[in-house]
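Enquirer: Add chains B, C and D with the ligands to chain A, keeping to what the hints say.
Residue numbers (our numbering), protein chains in the order written: chain A, 1273 to 1654; chain B, 1273 to 1654; chain C, 215 to 560; chain D, 215 to 560.
Read the hints as simulated data drawn from the structure, not as lab findings.
Keep in mind that the hints are not guaranteed to be accurate.
Stated by the list, open to error - EDC-like, lysine to aspartate or glutamate: derived pairs with alpha carbons at most 20 Å apart:
1. B/K1526 to C/D541
2. B/K1643 to D/E280
3. A/K1643 to C/D541
4. A/K1643 to C/D462
If you're wondering where the values come from, they're calculated on a predicted model, not measured in any experiment.
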Amino acid sequence: MSTQNEADHHPDSAPVHGTTDPIQILDADGAVLSNAELPELSDDDLVAMYEDIKLARRFDQRAISLQRQGRIATYAPMTGQEGAQVATGYALATQDWLLPTYREHAAKYVHGMDLASLLKPLCGLREGYAIPDDVHVMPEYIPIATQVPQATGMAWGKQLQGEADTAVLCHFGDGATSEGDFHEGLNFAGVFDVPAVFVCNNNQWAISVPREHQTASETIAQKAAAYGIEGVRVDGLDPLAVYAVTRAALQKAKNPADGERRPTLIEAVQYRYGAHTTADDPSAYREEDEAEDWRQKDPLDRMRNFLTNNGLLDDDLEAEIDERIDAQLSEAIESVEAATTDPTTMFDHVYDELPPRLREQRAELESLREKYGDEAFHEVLE
Amino acid sequence: MSTQNEADHHPDSAPVHGTTDPIQILDADGAVLSNAELPELSDDDLVAMYEDIKLARRFDQRAISLQRQGRIATYAPMTGQEGAQVATGYALATQDWLLPTYREHAAKYVHGMDLASLLKPLCGLREGYAIPDDVHVMPEYIPIATQVPQATGMAWGKQLQGEADTAVLCHFGDGATSEGDFHEGLNFAGVFDVPAVFVCNNNQWAISVPREHQTASETIAQKAAAYGIEGVRVDGLDPLAVYAVTRAALQKAKNPADGERRPTLIEAVQYRYGAHTTADDPSAYREEDEAEDWRQKDPLDRMRNFLTNNGLLDDDLEAEIDERIDAQLSEAIESVEAATTDPTTMFDHVYDELPPRLREQRAELESLREKYGDEAFHEVLE
Amino acid sequence: MSSTSPDESRTAGDSQAGSAAETMNLVEAVRHALHTEMGRDERVMVLGEDVAENGGVFRATEGLLESFGDERVVDTPLAESGIVGTAIGLAMTDMRPVAELQFMGFAYPAFDQLVSHAARMRSRSHGQYTVPMVVRAPYGGGIRAPEHHSESKEAFFVHEPGLKVVVPSTPADAKGLLIASIRDPDPVVFLEPKLVYRAFREDVPTDAYETPLGEATVKREGTDVTVYTWGAMVHPTLIAADNVADEDGIDVEVVDLRTLSPLDVETLVDSFEKTGRAVVVHEAPKTAGLGAEIAATIQEETLLHQEAPITRVAGYDVPMPLHELEDYYLPQALRIQEGIRETVSF
Amino acid sequence: MSSTSPDESRTAGDSQAGSAAETMNLVEAVRHALHTEMGRDERVMVLGEDVAENGGVFRATEGLLESFGDERVVDTPLAESGIVGTAIGLAMTDMRPVAELQFMGFAYPAFDQLVSHAARMRSRSHGQYTVPMVVRAPYGGGIRAPEHHSESKEAFFVHEPGLKVVVPSTPADAKGLLIASIRDPDPVVFLEPKLVYRAFREDVPTDAYETPLGEATVKREGTDVTVYTWGAMVHPTLIAADNVADEDGIDVEVVDLRTLSPLDVETLVDSFEKTGRAVVVHEAPKTAGLGAEIAATIQEETLLHQEAPITRVAGYDVPMPLHELEDYYLPQALRIQEGIRETVSF
Ligand SMILES: Cc1ncc(C[n+]2csc(CCOP(=O)(O)OP(=O)(O)O)c2C)c(N)n1
Ligand SMILES: Cc1ncc(C[n+]2csc(CCOP(=O)(O)OP(=O)(O)O)c2C)c(N)n1
Ligand SMILES: [Mg+2]
Ligand SMILES: [Mg+2]
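With the rest of the complex left out, here is chain A (with noise of 0.2 Å):
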């Protein structure tokens, strides 16, 4: 690890790793901690990290919005969690794989997808998971934690395959590691010493369940004993730190010291500002004034500080910054709900090759359509 105060975080008399205090870089105002190592980063790479985060969280804004608007489904913000999303993209090789959540909006742009793409299965289009070219990021994992299998699987494939310089990263969260895939999948992490690292975005709820009604476990990252792995506790609001924990966690997957197990748990500790999805009502379950102490720690506004104190960011870079932001959101919508899809799609891709009755059954909905046309469709339920 890279980070120097992680060292005094786990004194090597302590045989499990993960209790701890979250490690952190930056303080709540964004400057640097005394005992605190910068990651090697340029001085590009730290504002264009803070663009991203920027991005993500007009994203956000515009996104929610358009769904108000009936323009997209339901949508999953991540505004609080964008600074944890950035920094493990950035942390990412181009080789290396991702696979998100529905939340991970800002991670999968980082490591490469298009913002027309990110919007594509929010307006329902068929081949709104298709990926662009040579982006290794997966198409979103919806059921909960059943990533973290295929996750171990993708790492195991790669290093089977040689690809010693390829590591797979898994997101999740803190409602996920109570599922059995989360178990499963990191116990054979452990067992097969595969090059991958999990990210629990503990972001304290999964819905409307606190993390602490969630499991009776002190931290997140003290689970990882129960794999025989390192579990690491980061501040999820600090980009620099979480960028350092992924970016160590990344290189000892591909290149463990001798003895040392390949892959990591890190438990990034955040807070989900706003509602789980666009369908979701957090006062139902929630204070509204909870979230005061984490929007203390924001990301945005940490590494905003972080930059101006060293004379990296100031008002005009900011206003340029802003009006990239709005002209590509603005462009990325407008393309995306010009597409429309051809109702027939829905029967390409079930197979590598259609079968007679599947052949049959797209004929009989192409002379339904030419018959009655599209609109018969989609009258609604009396």
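Expert: Chains B, C and D with the ligands only, in chain A's frame:
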């Protein structure tokens, strides 16, 4: 916990349980360890425990031979593991519930099942899994680890019903700890703080898969950390230690100290001397002499030595015990082999009331039997 | 714990005569049924993801926490096998758990507990241990939900002996069937068509009535052809029936199965013996769906009455597409009419 | 990694002409197929519980560890969702995993990975990500196995679009179908009738032939009635066919489906158009079993040819009883004959 050396193994400074050497009371020769305290068991109980362990071993021999003769189906032997089974059974109060796997014949017997009932499923009888009245044992669980969430649910139910004096004890193997249901069941147990004790009979093997390959965690007991509950390792070939640890865990489940959680994960470290089942040939995957070390700590020998040293056992009593065991076994085998089942009973108890379609199917079967006789059903594939 | 003896209950028929009623939609009727049974029987409890503080993602359990407290209305960790597995354990200790799975598409992690245990405990223990549990799940498509949220795989559960499977199509049936399911001594998978949750309201008697399990109901009488369906598909079917009556003079009988397991073969067969022609409508993929069972059963029992092939109007054999295409995937009145016309003109 | 182009392969028909053969039982043919494909394609690997050191509880993978090493023949922890989930991940990185589930009854914990992911990855990613994986499982009853070891719930998998489901009934088919399944670009659930594992031997060509998926085969030609079946039930069906020929002069055609999904509707229909009468035989419980789909399909496509109700001879709708009664639960030649006679005399 009532054993003295337990305190030695869990110094207050170590926050995580279950990473230590297994707790012992008897040494390999059956002498009481200097730092150990004997559990509160009467002389009669101690001798009875010995007799039950002996009965269990003999049961194994008889069952294996019955299987070889084709008189019963596949049997899962317990030799080497009887000590832990009998001891956990003794730790239970009558009202406590036991959830066994296919291997815990002796635990079931100690908790009230008669020998004939143990044999019934092996004879394939329709009502094989009916449990004698007032015996608080569940039918054996074959799908691995599925009993774990059910045990949590039963303990929860007893708690909701105010039966403060009832706890649930759930057995499973080392292999079972890899299943999602182990994880989900223990996590629920921790969250709902139910009066349940989980006993992992870590016999080092899941069929052909050795414990080291099952999980990268150093011990099974340390997996308790993931659920915020206590994990304890005990020498599974030391009946007195298993008794003490289980007893203490059951007490805690019913009457936890302030701030203490009720559930415990006990790892009873032991060894399966024989085959996984009568259908298994261990020479395909392990060395015959691997068992030798374990046999040095044999539970039956240790208890015999312990009792003899303490003047509780002599040759006469031993002979008496042997005679009693053989008579009991022969009687049980005889009684159960005489039993047969009416084929149409397969339609009984599918639902509370037989639905019309099942009524028809039963009638069809009855008429076929009348028309062709029962032999016609047993004609084999040529 | 006190329980109420079943003979205190009355059937919907009884209760509608003279008793009070309230206008409700289906999700309100579900909530009302839970409230009613929890009030009558202390053993009834509700557990699942987001059912307590949040009142359920569809608000089906709203208010129960306030009325019955956090011992009987319980938010669980996010783990479906854990939910169903503990519910089985609770049921075996004589509680009456009503477990919610957030969507039918998330029932699969609990599939093993359902088929290997809930379904068999009574049979394997020869009647000694029973699982009086209800597993509720919102079910079916049509609300532009995300991927995996529109599953309607009732056939999976129907194929497992020992489970009962119930799907209401109206508020009044939802209440009566849910009460009957809670009181049923066997495990019931109770699938709630979420397209109907808020689609319409009707009078629902306020007393604690049961709509008996295992009984299909004739929603519309007719002589030319029978359409068998259930859940959300009942409504486009009734529209289709009106349309073909108006446009083609076809007199359609519509049978709402309500209980999918055990099947009410008698009502199915009676209707077919009258009409001699049948269409089965369901959302699930056609192949190996429940429509196959209904067609197979009818031709088995009544071939001599059969005047045309039994037609299936079903979901196509593809994964439910994202929402832009769901109107094309799901049977609509359009496709049902087409099926009826084809069957009648054979 | 090198792979072999598919055009090197030949079908069973081709290969039998002139190529070498060895006498094998079904489990040996499975092993032989695995050995053959692992030798041809480095991407093929085997994983599961007890498959490596122990060679599988039925010895289906014996010797593979010695031949191909512990990177390609892997004992996994005891966790079916982990096995199938990692196999999906492996397949998506272009490996060709062949996962073994120890018994079909232990596939349920992996049900979610199979139906929510393996089945849909190609479709949801619009062809970009694919899951060329085989999940093998011993299947069916008749060997006096313990509880949960005799499941035959093929219909669960057939109802899920995107999966293929294959069940061989003979050693030669087992080899050819398994090779075809491994080479198939889509996920295949490969169910091996364990009652047949060691029941008989036959000549199996030693070359690397494929028996094409999606093609049923006529095992016995006849004109009076068609029996549709698969897996272990093929054998009592052939006996029953001989018996009713001898005793009643009934000329039975027997169709072995081999691939259950996608169904070879053409062969099914062709046979029925010839005979006009049909019986479907399967071990699984009757209700919502695959027999329903076959009966529904045939009457849909060929009602005018239908001279009698299509009869289902199936497992009863009860959990498979412990072994004393399994001969009564499973269809035997006795019940099949009875079904044939009834159908012919209708
Ligand atoms: C298997 C499964 N069960 C239930 C759901 C419904 N659901 C969607 S998100 C969610 C909460 C997830 O919480 P967490 O893992 O903490 O992730 P977060 O949404 O907080 O990022 C639930 C219960 C689901 N998608 N999959
Ligand atoms: C879900 C499931 N998967 C696979 C099996 C097959 N099986 C039976 S016993 C066994 C090994 C169990 O090992 P362990 O949990 O250590 O218990 P032990 O047999 O050693 O007592 C396996 C894989 C099963 N019964 N259930
Ligand atoms: Mg969360
Ligand atoms: Mg074991």
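Enquirer: Against this structure, judge whether each hint is valid.
Expert: Hints and how they fare:
{"no.": "1", "hint": "B/K1526 to C/D541", "result": "violated, 56 Å"}
{"no.": "2", "hint": "B/K1643 to D/E280", "result": "violated, 54 Å"}
{"no.": "3", "hint": "A/K1643 to C/D541", "result": "holds, 16 Å"}
{"no.": "4", "hint": "A/K1643 to C/D462", "result": "holds, 17 Å"}
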